[in-house]
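Colleague: Chain residues, written in single-letter form:
Protein chains: 2
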Amino acid sequence: TLAAPAIAQSNPQITWRLASSFPKSLDTIYGGAEVMSKMVEEASDGNFKIQVFAAGEIVPGLQVADAVMNGTVEACHTVGYYFWGKDPTWALGAAVPFSLNARGMNAWHYHGGGIELYNEFLGKQGLYGLPGGNTGAQMGGWFRKEISTVEDLKGLKMRVGGFAGKVMEKLGLVPQQIAGGDIYPALEKGTIDATEWVGPYDDEKLGFYKVAPYYYYPGWWEGGPTVHFMFSKEKMESLPKQYQQLLHTASQAADADMLQKYDMKNPKALKTLVANGTQLRAFSPEIMQACFKAANEVYSEMEANNAEFAKIWGSIKDFRKDWFTWEQLAEFNYDYFMMSEANKGEL
Amino acid sequence: TLAAPAIAQSNPQITWRLASSFPKSLDTIYGGAEVMSKMVEEASDGNFKIQVFAAGEIVPGLQVADAVMNGTVEACHTVGYYFWGKDPTWALGAAVPFSLNARGMNAWHYHGGGIELYNEFLGKQGLYGLPGGNTGAQMGGWFRKEISTVEDLKGLKMRVGGFAGKVMEKLGLVPQQIAGGDIYPALEKGTIDATEWVGPYDDEKLGFYKVAPYYYYPGWWEGGPTVHFMFSKEKMESLPKQYQQLLHTASQAADADMLQKYDMKNPKALKTLVANGTQLRAFSPEIMQACFKAANEVYSEMEANNAEFAKIWGSIKDFRKDWFTWEQLAEFNYDYFMMSEANKGEL
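In the order they appear, the protein sequences are chains A and B. Residue numbers 186 to 532, in my numbering, belong to the letters of the first sequence in order. Residue numbers 186 to 532, in my numbering, belong to the letters of the second sequence in order.
For the record, the hints were derived by calculation from the structure and aren't laboratory data. A couple of the hints might just be wrong.
Identical copies go unnamed one by one, so any copy, or any two together, can satisfy a pair.
Taking lysine-lysine and the DSSO-like style, the derived pairs with C-alpha atoms no more than 30 Å apart in a straight line are [claimed, not checked]:
#1 Lys502 x Lys529
#2 Lys234 x Lys426
#3 Lys496 x Lys453
#4 Lys529 x Lys339
Sequences are here, hints too, so could you generate the full structure?
Modeller: In structure tokens, the structure reads:
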């Protein structure tokens with residue numbers, strides 16, 4: 186027999202495992218990893234496979250970054266702020282209260298040095314992260330009773346993602362950490378008074394409108410959260426160059442795709458929720474101002490004690506000022522006109 | 186010598202040529218094709234090359250779709266509305282007055298059937314199109330004198346892209362078709378009274394602020410225009426499957442990347458323009474209402490006479506109503522709060 190001919194194998198066969206923080210039932214956010222995996226597999230002619238596992242299948246949803254760090258899996262799909270308890274810097278690549286909106290985060294990540302800055306931090310944990318989805322500005326969540334003043338927040342037990350809870354604590358709210366599947370019964374029994382998740386499409390599936398009729402906006406703690414693909418830095422660097430590039434391209438495409446999917450699905454779900462009795466409420470200006478003040482106090486403390494946090498948050502803040510100044514010209518005035526015509530029944 | 190071994194070549198060597206409608210000097214919009222080309226080349230290990238030619242290098246900027254249709258090149262990077270004179274349906278995949286904004290267009294293209302509907306139309310011209318960039322809501326352009334009323338538009342000579350000109354004609358404006366490089370001298374000499382292009386980053390390079398100080402917003406004719414990659418349908422279908430998939434993935438990534446780049450560059454450019462004396466002005470509510478009414482008249486005429494236009498515009502309109510209803514909850518209120526804080530100097 187002949188020896189194998191000396192032809193470089195352009196697309197070597199590689200299989201990776203990716204652990205998701207999300208359940209399969211949430212097809213938009215869980216689906217982002219499947220979208221990316223499919224893109225990679227098809228563009229490599231079936232040779233680079235990334236197997237996606239839902240939360241709990243091989244790793245609990247909130248331990249997926251650790252699973253990459255300890256070598257259990259090569260990649261995960263998660264939100265950086267889940268790990269803010271290790272260090273608040275984790276949250277900055279994802280979302281913190283009163284940060285950028287989705288387009289602002291995307292501009293900062295891809296062309297404002299965000300990907301590089303966040304990876305200076307992630308690299309020390311043995312990770313390499315790329316944006317892998319966005320939900321757009323989230324809703325502020327479901328409340329069993331109306332809340333109008335800061336006083337109404339005092340003692341309120343609310344299921345809310347980590348970092349934002351720290352800000353809310355300053356206002357007397359009692360944040361609760363509850364895994365996705367346990368939220369509904371807790372809300373139904375009154376063990377908690379309120380919960381937030383994402384927006385109409387996901388929230389309708391989770392059924393919160395049946396037990397907490399007041400649906401508040403905006404979710405000031407998630408103006409445009411970035412979901413991330415986090416890869417083992419070592420395994421990423423040992424891939425053939427073309428696969429590394431393919432991961433970048435597929436991640437950027439899947440990142441965009443998640444927001445596109447939410448944006449198509451949320452408007453219809455909102456109509457269904459309202460038809461089912463959901464009461465829409467805006468947070469009062471008093472509450473918004475108090476939360477903004479509390480958030481800034483938290484940031485000042487963290488900046489004083491954490492140089493890495495201060496560096497990345499400084500970069501976001503610099504752009505944030507310019508972004509929200511520019512956005513109020515063409516974008517805001519176009520949208521404002523169109524929204525007004527929608528409300529007049531002219532669209 | 187041995188014959189070549191019978192090993193399937195996973196990544197065959199292919200070289201395509203792509204004609205851009207844009208000059209190299211506009212690095213965001215011209216750059217979109219280079220971004221896509223680089224993604225494809227790198228992910229195929231250098232085997233699938235797409236050579237990008239700027240407007241005029243091998244094909245004039247406004248004839249690139251024809252060049253794909255007649256087989257001169259395999260692909261182009263352009264904006265569908267450049268060809269609305271052939272049939273107004275061309276414009277619908279890109280932008281028409283008072284249509285969706287950038288996020289709305291993206292949702293519609295990728296998850297609302299937009300890509301498929303537009304390709305039903307493009308396929309008849311032998312093309313296959315994929316979104317390949319977006320500028321975000323554009324500015325309304327540069328005017329030598331202030332305009333406050335609809336009366337002020339009468340007789341005004343303005344360089345403006347095709348379809349919008351048809352709407353403006355109804356209000357007495359005289360639209361002018363002028364190629365990019367000739368706009369500045371025409372504006373300087375007073376041959377035209379006004380011009381529009383994109384937004385601060387591009388417009389600053391083109392220097393319009395030096396000869397027309399009033400910079401209006403919003404560009405109601407381009408709330409979120411989609412730039413397209415258009416491929417020869419036949420050549421696309423004859424590619425190996427993995428290259429077809431790679432073109433889809435790279436196009437979606439490059440599509441997102443262009444908006445991300447504009448969003449990072451526009452805010453800084455706006456500050457420079459204002460420092461150089463640019464006067465920002467909003468179109469008056471009277472003008473906006475008159476333009477909206479004129480646009481709706483144009484649409485009614487086209488829908489009555491063009492079934493293909495009516496079908497696609499109907500699909501956009503259905504979603505437009507729901508989109509601008511949903512957007513005014515979390516997204517609008519979040520942005521409004523942040524813009525207010527920006528204006529108070531609190532960011």
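Colleague: It remains to establish, for every hint, whether it holds in the given structure.
Modeller: Taking the hints in turn, this is what the structure says about them:
no.: 1; hint: Lys502 x Lys529; result: between (37 Å within a copy, 15 Å between copies)
no.: 2; hint: Lys234 x Lys426; result: both (16 Å within a copy, 16 Å between copies)
no.: 3; hint: Lys496 x Lys453; result: between (40 Å within a copy, 20 Å between copies)
no.: 4; hint: Lys529 x Lys339; result: between (38 Å within a copy, 28 Å between copies)
In summary, the structure agrees with every hint in the numbered list given earlier.
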